[in-house]
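Chains as they are written, first to last, in our numbering: chain G, 4 to 504; chain E, 4 to 504; chain R, 4 to 504; chain U, 4 to 504.
Worth flagging that the hints you see were computed from the coordinates, not collected in a lab.
All of these numbers come straight from a predicted model, not from anything done at the bench.
Don't take each hint at face value.
Copies of the same chain look alike in the list, so a pair counts if it fits in one copy or across any two.
Derived pair list, reagent style DMTMM-like, types lysine to aspartate or glutamate, alpha-carbon separation capped at 25 angstroms [unchecked claim]: (1) LYS413 x GLU272; (2) LYS501 x ASP363; (3) LYS103 x GLU146; (4) LYS77 x ASP363; (5) LYS80 x ASP346; (6) LYS385 x GLU272; (7) LYS410 x GLU272; (8) LYS19 x ASP346; (9) LYS440 x ASP157; (10) LYS80 x GLU102; (11) LYS483 x GLU146; (12) LYS103 x GLU359; (13) LYS433 x ASP281; (14) LYS413 x GLU65; (15) LYS361 x GLU404; (16) LYS403 x GLU23; (17) LYS385 x GLU277.
4 protein chains.
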Amino acid sequence: MKPQRKGGLYRSRLGKGLDEDALRYLSSLRDDEEILVDDIEGTEAHVIMLAEQGIIPEQDAEKILRVLEELRGKALKAELALEGEFEDVHEFIESFVIEKLGIEVGGKLHTGRSRNDQVALDLRLSSRRYLIEIWRAAIELAEALLSKAREVGDAIILHYTHLQPAQIGYLAQYLLAHFFHLLRDIERIESCYHRVNVSPLGACAIAGSTLPLNRRRVAELLGFDGIVENSVDAVSSRDFALEALSAAAILMVNLSRIAEDLIIWSSSEFGYAELPDDLTSPSSVMPHKKNPCILELLRAKAGKVIGLLTAALTMMKGIPTGYDRDLQEGKPVLWNALQETRDSTRILAKAIKAVEFKRDRMFDKAAETYAPAIELAESLIKYSGLSLREAHMLVGAFVKELHESGKLLKDADLGSLERLAESILGKELKFPETVFKKIIEARGVADLRTTEGSSKYSEVQRQLELGQERLEEVRRRLEKAMKNLSNSRRKFEESLSKFLS
Amino acid sequence: MKPQRKGGLYRSRLGKGLDEDALRYLSSLRDDEEILVDDIEGTEAHVIMLAEQGIIPEQDAEKILRVLEELRGKALKAELALEGEFEDVHEFIESFVIEKLGIEVGGKLHTGRSRNDQVALDLRLSSRRYLIEIWRAAIELAEALLSKAREVGDAIILHYTHLQPAQIGYLAQYLLAHFFHLLRDIERIESCYHRVNVSPLGACAIAGSTLPLNRRRVAELLGFDGIVENSVDAVSSRDFALEALSAAAILMVNLSRIAEDLIIWSSSEFGYAELPDDLTSPSSVMPHKKNPCILELLRAKAGKVIGLLTAALTMMKGIPTGYDRDLQEGKPVLWNALQETRDSTRILAKAIKAVEFKRDRMFDKAAETYAPAIELAESLIKYSGLSLREAHMLVGAFVKELHESGKLLKDADLGSLERLAESILGKELKFPETVFKKIIEARGVADLRTTEGSSKYSEVQRQLELGQERLEEVRRRLEKAMKNLSNSRRKFEESLSKFLS
Amino acid sequence: MKPQRKGGLYRSRLGKGLDEDALRYLSSLRDDEEILVDDIEGTEAHVIMLAEQGIIPEQDAEKILRVLEELRGKALKAELALEGEFEDVHEFIESFVIEKLGIEVGGKLHTGRSRNDQVALDLRLSSRRYLIEIWRAAIELAEALLSKAREVGDAIILHYTHLQPAQIGYLAQYLLAHFFHLLRDIERIESCYHRVNVSPLGACAIAGSTLPLNRRRVAELLGFDGIVENSVDAVSSRDFALEALSAAAILMVNLSRIAEDLIIWSSSEFGYAELPDDLTSPSSVMPHKKNPCILELLRAKAGKVIGLLTAALTMMKGIPTGYDRDLQEGKPVLWNALQETRDSTRILAKAIKAVEFKRDRMFDKAAETYAPAIELAESLIKYSGLSLREAHMLVGAFVKELHESGKLLKDADLGSLERLAESILGKELKFPETVFKKIIEARGVADLRTTEGSSKYSEVQRQLELGQERLEEVRRRLEKAMKNLSNSRRKFEESLSKFLS
Amino acid sequence: MKPQRKGGLYRSRLGKGLDEDALRYLSSLRDDEEILVDDIEGTEAHVIMLAEQGIIPEQDAEKILRVLEELRGKALKAELALEGEFEDVHEFIESFVIEKLGIEVGGKLHTGRSRNDQVALDLRLSSRRYLIEIWRAAIELAEALLSKAREVGDAIILHYTHLQPAQIGYLAQYLLAHFFHLLRDIERIESCYHRVNVSPLGACAIAGSTLPLNRRRVAELLGFDGIVENSVDAVSSRDFALEALSAAAILMVNLSRIAEDLIIWSSSEFGYAELPDDLTSPSSVMPHKKNPCILELLRAKAGKVIGLLTAALTMMKGIPTGYDRDLQEGKPVLWNALQETRDSTRILAKAIKAVEFKRDRMFDKAAETYAPAIELAESLIKYSGLSLREAHMLVGAFVKELHESGKLLKDADLGSLERLAESILGKELKFPETVFKKIIEARGVADLRTTEGSSKYSEVQRQLELGQERLEEVRRRLEKAMKNLSNSRRKFEESLSKFLS
């Protein structure tokens with residue numbers, strides 16, 4: 004089902020049809036699949052307003068709306084092929100309506116509107132939809148992180164810096180770190196959503212219209228929070244899209260770091276984490292393989308989203324104010340980036356739910372390191388009155404001696420430390436044997452911590468509760484935004500049905 | 004004035020000094036000039052807290068604070084050369100203090116702290132400062148746009164799409180478009196500011212400390228709104244910096260479009276705008292030149308900021324959670340981008356204030372085009388009952404005929420339009436001669452508009468008022484943030500003077 | 004036509020089928036449309052070699068090749084839908100063959116091969132194809148520039164710097180500047196082509212195979228110049244793709260500047276250039292519009308290609324050596340960028356051929372400026388013995404005086420210049436009246452130039468001849484590369500038909 | 004030592020001095036430190052030519068050259084502070100000379116030249132220098148890889164794909180993979196060098212000069228291979244810089260992957276590699292740390308260079324042909340990226356020379372995996388007549404069974420495999436016990452390989468020899484380029500001394 008007309012609807016001044024290569028180069032028809040339904044719904048709202056304002060007769064509006072509803076039905080069932088010699092979906096749909104109803108009635112569809120404000124509308128409608136989806140997916144992932152943090156309980160893990168063992172702590176603390184980061188990602192998505200959710204329609208080509216359009220009414224019908232005040236701003240600006248892309252890129256960078264950790268932890272050398280079979284991939288030729296491919300792809304897709312953000316910024320940089328055709332090229336860039344972000348967030352939520360952490364392995368690795376050296380140094384401050392720098396020097400030399408003699412910290416004795424203190428600092432050390440034992444035994448060193456937000460069991464529990472509260476607030480705000488949209492949609496349908504009945 | 008010690012303060016375990024090439028490659032000392040004062044002040048706050056918590060003796064704190072104050076004084080007068088074999092400013096300052104006070108007292112400076120949380124602190128302090136400056140500069144530019152919009156009054160200009168004349172309107176509408184865009188840029192800066200303004204200190208290396216540090220007290224002393232809860236998050240995350248860079252890049256893209264317009268309008272062919280001599284550059288060899296170089300540079304700097312954002316995102320992508328040395332490389336990238344953004348915003352404010360728009364030239368150019376064709380078409384809907392598409396066809400053919408016979412729209416006669424209506428649409432046209440005359444005469448066509456936010460004189464006045472209100476709100480919020488900082492600073496100095504007196 | 008089997012061909016070790024969401028996330032099947040034919044042909048060459056080396060029986064090879072030829076036929080007619088639960092085209096094709104021939108025969112298809120070397124092969128085959136197409140398109144554009152330079156003859160134009168009139172010269176010189184730039188772009192494409200055109204096959208998973216594969220034979224059958232020596236390098240490296248993307252991005256940036264010039268020159272204010280109707284676009288609502296949209300899109304696509312290059316570099320940065328799934332994500336990025344580059348180069352060639360330059364308008368604008376000021380200054384060096392800096396000061400003041408009194412250079416008189424010389428330099432000027440007249444009259448000032456490569460008519464003619472020679476060389480090298488490919492293809496088909504007959 | 008004059012040398016037409024903020028924004032003086040010597044030397048060559056051509060008197064040339072030599076001497080000793088109210092180094096130097104010699108003599112310095120061609124010259128001179136340095140550093144790194152490959156002899160390592168064990172092979176093969184990649188990087192640097200090494204001087208502002216400049220003579224004096232033919236191309240194009248940046252970015256991405264491998268291999272969990280103490284960094288607070296920071300920084304710097312390439316491409320995209328001030332902003336971007344690339348290549352060469360690989364650890368880890376599964380499958384093709392796909396199914400199931408029963412491949416027995424063959428394939432397996440033993444014992448499995456370029460000991464030896472040959476060729480070409488430069492420099496100095504004696 005498609006219009007028979009061969010395009011060129013708008014070429015009233017231009018003599019010939021568009022060159023075939025030029026049309027192929029120019030046409031965004033294939034990309035516009037994304038906004039087919041948006042474009043129809045936006046057009047319906049516009050037509051309702053035109054009739055309400057008396058700009059076109061009600062009976063004409065009715066006819067046009069019937070055709071649009073037919074189109075919308077087909078579009079929703081994916082029965083509407085976007086093909087033919089059209090520059091874009093807007094020309095496609097208008098051509099269709101004119102073919103059905105003739106130019107005297109169908110030709111009224113575009114009254115008081117330009118493709119310039121129309122495409123800005125469609126871009127906002129589609130961005131809004133994606134942002135809601137990403138918002139949901141991010142909440143789902145945040146929830147998965149929180150659940151997993153609860154599930155792993157008091158599992159010990161090394162916290163790494165420079166991919167070297169730093170301090171011993173809790174796996175839940177690691178998961179919570181990403182949870183709190185994700186909350187900020189969600190905040191960014193949310194702020195952006197509200198800047199996206201205003202209507203540009205009525206700006207017409209760039210300077211507004213001499214027809215008595217009611218911009219607020221269209222905005223209300225389509226669930227917008229308001230309108231873009233200035234008509235030049237409305238057709239020319241794409242900062243809302245750049246902001247959505249930035250928020251997506253920052254989120255993806257965050258996810259790519261979780262992916263990197265899990266890839267490394269899935270290596271046989273680390274052996275901390277294992278994805279289930281149904282989330283891993285085999286080799287076509289190596290029968291022994293179990294590859295965490297979804298995580299690698301996610302990492303790569305972060306690179307892709309960064310590139311798409313760069314593309315969009317570069318496209319917009321230094322072009323004249325007003326609608327330029329450059330803006331067209333930004334559409335698929337935006338959609339592609341938001342899709343990848345949504346899908347990556349969802350798949351990572353699935354991976355986090357499914358991943359199995361190897362409790363014993365993580366503990367054993369932690370126990371084999373010199374990681375408690377820092378707590379030993381801090382205890383030397385507390386119990387022996389050393390300055391941090393003295394304690395650091397002493398423990399550094401102590402670790403060096405142990406390392407060179409092939410000993411682990413757990414096999415160390417206090418006597419050696421005392422001897423070193425004398426030779427290095429020229430001090431007689433007073434240090435309680437029990438504390439020394441507690442620290443070098445590894446288990447429990449984490450719980451010696453006292454600071455707020457640290458990787459200590461009771462602190463982790465507190466963070467879990469705090470996290471739960473924050474998650475609930477975030478979820479409530481998403482639900483409110485979604486409810487506003489569904490309420491508007493209901494009213495829109497009521498208005499529509501008035502015309503059609 | 005610099006420490007005599009040759010670095011290597013922390014190499015307690017590592018046998019040899021750092022290789023010279025490696026040190027040169029690793030050291031961020033030169034870049035750290037940016038955070039020299041921040042680092043000293045952050046250290047002072049930390050030391051005050053250590054003494055208040057009884058972690059170090061008050062008299063030791065006093066000695067350390069005296070040395071730090073001496074350093075701060077010199078740093079503020081740019082008398083402190085960041086030189087020597089140090090990896091960074093943190094090692095530099097600690098070495099200095101230890102040299103002065105010996106390891107038993109000076110060695111307490113770093114108690115309960117790691118460079119990991121310390122550099123995160125410095126990065127937040129410096130980002131906060133830049134964000135405030137950009138926020139101010141953006142308000143200054145917004146104000147300049149508003150003033151200029153008032154100043155140019157009812158000056159007519161063509162609104163362009165595709166760099167082709169689109170509709171005739173008001174220059175003030177153009178200026179307001181960028182004003183409203185800028186308000187959104189300011190909102191983004193502001194949101195980012197609040198996510199930046201929380202303290203990471205107390206996270207220590209990554210997992211927190213066993214010493215009874217009071218994280219909230221340090222945050223209060225330094226004017227932060229709160230703390231980064233999770234210690235891993237505190238040292239590992241840089242989303243706040245990526246967000247600042249994104250907001251800067253989007254702002255710069257916006258500014259680059261204003262620059263592009265002004266560059267084109269400054270060409271002798273357009274001749275709409277002229278910068279004063281003191282904002283333009285000559286040629287070394289062409290005596291006749293007057294080049295709008297600051298605008299070209301601004302356009303290029305937008306490209307640079309985009310590249311720096313890309314660099315920062317790429318650096319962060321796919322690195323393990325925790326502090327990685329990669330993060331160091333992000334520091335100058337961030338500062339450089341924020342400086343350029345601040346300076347570009349300021350210079351554009353100056354240019355906007357100073358630019359002279361050529362009222363007559365803009366009007367003449369507007370009057371020479373076929374731009375009112377769209378309003379003619381809309382009037383044919385209103386007065387002659389044509390559908391938009393019929394009107395578009397008719398007016399398109401009309402313009403084509405005029406163009407081919409070398410006539411402008413203002414020289415057209417209604418008769419020709421009526422004849423065309425009959426030949427093209429087969430319709431007898433009823434159209435009021437007075438309306439026709441009004442439209443083709445150009446002056447006044449803009450005021451035929453009716454829609455909210457359009458380029459119509461009364462609408463522009465309304466937008467001006469609205470703009471003024473919004474600007475006041477924005478300014479109030481900046482002032483509040485600045486006041487919070489100065490209040491905190493005052494309290495900080497009181498606490499400091501307690502120790503020093 | 005597609006395999007009935009539901010995928011999972013390689014999951015011999017992995018217990019369950021792949022999770023549905025994970026499959027959707029992982030599968031590159033849709034993107035692989037690009038390499039469907041490449042993959043089949045690469046597989047055919049591999050199978051021929053396997054049989055020639057006695058690794059699989061000739062009769063098995065024959066059966067497999069028949070099925071592959073059937074597939075290839077359908078693929079070429081676009082009758083092969085890449086659908087189903089497959090991770091990629093490789094699994095799809097192998098599944099198809101096994102379904103047809105059973106696992107005992109069909110299961111031999113993949114002998115001595117991994118998807119790792121196979122996808123590297125496909126990527127090189129497809130890159131090679133695109134590079135040839137871009138190479139051709141660039142030659143076509145270079146030719147169009149040269150023809151147009153000939154066609155415009157001695158048309159005068161202003162050369163601009165800072166978008167301000169700099170010196171008067173020839174339009175042909177401008178066109179030749181881009182011609183010579185394009186020659187360098189072609190050199191970059193050509194160098195890259197030769198680094199792309201080596202075969203990775205035989206590297207297997209990463210370390211090579213224990214089967215007696217003949218890597219050189221496969222390379223010969225597929226028209227490669229040689230093999231990638233090291234097996235790890237063969238599967239892990241993508242520098243050839245990054246190089247192709249870089250060359251494409253640099254070319255696109257070049258083209259975007261031509262586009263920018265033409266967009267500005269097509270403005271009604273400049274009025275230097277006009278694209279024919281069939282290469283321009285109308286407005287949906289403004290009947291008077293004629294927008295150079297293809298040029299704006301090209302400019303935007305340059306931004307897109309820059310973003311795709313960034314994406315690819317970012318994906319590859321810091322991932323471990325070896326095949327990582329990240330590499331998959333680079334495939335569509337590469338293809339998309341190369342397509343856009345090819346299409347943009349072609350459309351610009353068309354635009355250059357078709358664009359009409361407004362000779363008189365360009366001359367008039369040139370004559371209205373102070374551009375010959377620089378030649379006047381140089382003549383003051385030659386005829387009056389001034390130093391350049393004195394001449395510059397004098398002429399600068401002269402232009403200023405003219406400008407302030409509203410005079411053009413052509414209306415100036417020598418007397419004023421002499422008076423100024425005395426007041427500014429304190430010198431009595433000796434300057435031939437005839438030279439003064441010649442310079443200020445504008446026409447002919449360009450031909451006063453003497454330097455090699457300057458915008459002087461005779462130099463332009465020389466450059467045209469030189470350009471023609473260089474173009475022929477470049478064309479010869481392309482033809483040679485294409486001939487090598489077609490010769491190989493012929494031999495390949497002979498080998499194939501031996502098996503099939 | 005600096006000019007007393009306050010700038011504004013070129014403002015002959017422009018009434019007032021440049022606004023202070025505008026000057027600060029515009030001035031590239033600080034960045035121009037990079038090209039101070041280049042600019043002086045380029046100016047000297049230009050002045051020699053001017054005198055040789057009789058454009059300026061020999062005695063004036065002599066005076067100017069003496070001042071320039073004095074400046075050059077100071078610049079080389081870093082005694083020339085680039086300060087003052089100058090837009091750039093060109094104005095700075097000319098002002099200096101005029102101050103010394105007066106405007107009648109000193110004012111001749113700039114004859115027949117513009118900053119437009121002058122800065123293009125300086126950019127080519129500085130790019131050339133950096134490219135030579137990177138070329139050398141890359142050869143040094145290539146040599147280090149080759150030496151290390153020889154040094155590690157027959158050390159076994161796992162080759163990884165997806166960071167999972169893939170096949171067992173030789174560490175030398177890994178090092179050679181990067182060696183061969185690096186050869187291609189060197190080729191790209193070399194091609195670029197030759198496109199950089201042509202002289203733009205004589206293009207003047209944009210269209211050439213009316214003075215009888217000898218462009219070839221200047222090119223010869225400065226060691227260029229030729230001239231940029233077209234004057235517009237000469238001042239407007241920066242593709243050479245974009246190409247240098249691309250080659251640098253691709254090289255850095257390559258290096259970042261080596262860095263990533265070494266970071267992971269330096270983890271205590273892998274434990275394959277250890278950098279010496281003098282190339283690692285400690286923690287300020289964790290006494291046990293030994294962090295491979297130079298590798299992490301290198302990884303980050305790859306991100307930075309990608310960002311700088313993006314910045315440069317974005318700056319150039321869509322700006323008008325001709326010199327635009329945007330180009331100025333590209334200078335520090337280029338230099339910064341080339342410096343980082345040079346330094347990173349050098350530091351990695353140092354790291355490769357110094358890194359210690361843990362032979363036994365690598366072997367043990369290799370022996371613990373199922374990696375020989377692929378060779379077992381291939382042997383089942385050879386000895387048992389299975390198809391690859393059957394063999395893959397069988398071995399996959401075999402590995403799964405072993406894994407589930409906690410057995411390693413080396414503990415497997417042929418009987419189990421035979422039983423599985425019957426249950427899965429319904430086939431009685433004939434497989435030689437000796438081959439089975441050989442494969443599962445791990446040591447020696449690599450040498451079963453036969454294919455060219457594989458990870459097999461004899462192949463590795465062959466690749467080493469081939470690598471050595473290629474390295475010699477590459478080195479010879481670098482030496483030739485360097486010799487050309489030093490020869491030119493000698494001749495230049497002879498010409499110079501003729502004037503000065």
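The hints, checked one at a time:
1. In this assembly of identical chains, LYS413 and GLU272 lie within 25 angstroms of each other by CA distance both inside one copy and across copies; the values are 22 angstroms within and 18 angstroms between.
2. With identical chains, the CA atoms of LYS501 and ASP363 are never at most 25 angstroms apart, being 67 angstroms at best within one copy and 52 angstroms at best between copies.
3. Taking the closest pair of Cα atoms, LYS103 and GLU146 never come within 25 angstroms of each other, the shortest separation being 50 angstroms inside a single copy and 47 angstroms across copies.
4. For the identical chains of this complex, LYS77 and ASP363 are neighbours neither inside a copy (57 angstroms) nor across copies (54 angstroms), given an alpha-carbon limit of 25 angstroms.
5. For the homomeric pair LYS80 and ASP346, the shortest alpha-carbon distance inside one copy (22 angstroms) is at most 25 angstroms, but the shortest distance between copies (33 angstroms) is not.
6. Taking the closest pair of Cα atoms, LYS385 and GLU272 never come within 25 angstroms of each other, the shortest separation being 37 angstroms inside a single copy and 32 angstroms across copies.
7. Taking identical chains as interchangeable, the C-alpha atoms of LYS410 and GLU272 lie at most 25 angstroms apart whether they share a chain (21 angstroms) or sit on different chains (17 angstroms).
8. Taking the closest pair of Cα atoms, LYS19 and ASP346 come within 25 angstroms of each other only across two copies (22 angstroms); inside a single copy the shortest separation is 44 angstroms, beyond that limit.
9. When the C-alpha separation of LYS440 and ASP157 is checked against a cutoff of 25 angstroms, the pair qualifies only within one copy, where the shortest distance is 21 angstroms, while the shortest distance between copies is 44 angstroms.
10. For the identical chains of this complex, LYS80 and GLU102 are intra-copy neighbours only, at 22 angstroms inside a copy versus 33 angstroms across copies, given an alpha-carbon limit of 25 angstroms.
11. For the homomeric pair LYS483 and GLU146, the shortest alpha-carbon distance inside one copy (19 angstroms) is at most 25 angstroms, but the shortest distance between copies (35 angstroms) is not.
12. For the identical chains of this complex, LYS103 and GLU359 are neighbours neither inside a copy (59 angstroms) nor across copies (40 angstroms), given an alpha-carbon limit of 25 angstroms.
13. Taking the closest pair of Cα atoms, LYS433 and ASP281 never come within 25 angstroms of each other, the shortest separation being 56 angstroms inside a single copy and 33 angstroms across copies.
14. For the homomeric pair LYS413 and GLU65, neither the shortest alpha-carbon distance inside one copy (83 angstroms) nor that between copies (39 angstroms) is at most 25 angstroms.
15. In this assembly of identical chains, LYS361 and GLU404 lie within 25 angstroms of each other by CA distance solely across copies; the values are 20 angstroms between and 31 angstroms within a copy.
16. Proximity of LYS403 to GLU23 under the C-alpha cut-off of 25 angstroms is restricted to the inter-copy arrangement: shortest distance 23 angstroms between copies versus 74 angstroms within a copy.
17. In the homo-oligomer, the alpha carbons of LYS385 and GLU277 never lie at most 25 angstroms apart, since the shortest distance is 41 angstroms inside one protomer and 34 angstroms across protomers.
Violated hints for the displayed structure, listed by number in ascending order: 2, 3, 4, 6, 12, 13, 14 and 17.
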